[in-house]
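Count along the sequence shown from 1, then add 570; that gives the number in the working numbering.
If you are wondering where the hints come from, they were derived from the structure by calculation, not from laboratory data.
Mixed in with the good hints there might be a few duds.
List of simulated lysine to aspartate or glutamate pairs, EDC-like, C-alpha gap at most 20 Å [claimed, not checked]:
hint : residue 1 : residue 2
1    : Lys597    : Asp608
2    : Lys614    : Glu604
3    : Lys638    : Asp625
4    : Lys634    : Asp645
So the derived label-pair ranges between C-beta atoms look like this [as the list claims (entries may be wrong)]:
hint : residue 1 : residue 2 : range
5    : Ile649    : Ala623    : 24 to 32 Å
6    : Asn733    : Val620    : 54 to 62 Å
7    : Val620    : Arg722    : 40 to 48 Å
8    : Ser697    : Ser674    : 17 to 25 Å
Computed from a predicted structure; not experimentally measured.
The beta-carbon is built from N, C-alpha and C at its ideal position, and this holds for glycine as well.
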Amino acid sequence: MAVPNPLPGPDEHGEDLLGGGLTAPQKAQLAALEEDLDGSAAAKLAAQLVPVAQDGGQFGRLAKPHVKRATRVHDWARIWGPAVAGTAVAGTAVAVLPLPGPLSLYVLAVAAFGWWHCAGRPGVTESIQMFGYALADTGSWIRRHVEALAHRRARYETRRTTNDPKPSKKEK
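Let the hints inform the model, and build the full structure from the sequences given.
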């Protein structure tokens with residue numbers, strides 16, 4: 571049995587969302603008001619109105635990158651959190667409890683099932699692709715950090731080997 575909609579739609583009670591359903595007297599009233607508005611101080615003020623995108627001011631501009639990072643962390647935790655928690659529980663159970671070999675493998679398989687489930691239950695091909703993408707992302711992260719360490723080491727060596735006791739403004 572279908573339940574009737576208690577809230578009528580816009581077509582059912584005369585509401586016109588597109589603004590094209592005005593009657594002739596309503597259009598005449600708007601035209602008269604428009605004529606009164608032309609050239610008035612109110613029209614000049616209305617022409618000066620500019621939409622403002624709220625960015626939160628100085629605080630908003632300072633907090634925006636951190637909020638974006640926190641949102642990414644929140645999304646990651648929402649998606650992968652159950653798998654991480656399941657792995658922690660399984661690892662603790664295997665390490666602490668005196669489980670026989672097959673049972674500890676079963677507990678670790680349940681943790682692996684959690685990772686598979688959080689990944690969206692991919693097939694073999696998607697799993698291999700995801701593993702490859704994860705390796706590529708990890709490799710680029712490692713390369714980026716090794717390069718940053720190399721630049722830091724080069725700056726340190728440059729400062730150490732130069733005879734100038736005062737560091738330049740660029741090095742500060």
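Going down the list of hints, with the structure as the test:
As the CA atoms of Lys597 and Asp608 are separated by approximately 16 Å, the hinted pair is consistent with the 20 Å bound. Annotation: proposed proximity of Lys614 to Glu604 holds, straight-line Cα distance about 13 Å (limit 20 Å). In summary, the hint linking Lys638 to Asp625 is supported, as the alpha carbons are separated by about 14 Å, within the 20 Å threshold. The straight-line distance between the Cα atoms of Lys634 and Asp645 is roughly 16 Å, inside the 20 Å bound, and the hint therefore holds.
For the pair Ile649 and Ala623, the beta carbons lie near 30 Å from each other, so the given range of 24 to 32 Å is met. A C-beta distance of roughly 58 Å is found between Asn733 and Val620, which places it inside the suggested range of 54 to 62 Å. Distance hint check for Val620 and Arg722: the Cβ-Cβ separation is about 46 Å, which falls inside the suggested range of 40 to 48 Å. Distance hint check for Ser697 and Ser674: the Cβ-Cβ separation is about 24 Å, which falls inside the suggested range of 17 to 25 Å.
Of the numbered hints listed earlier, not one is contradicted by the structure.
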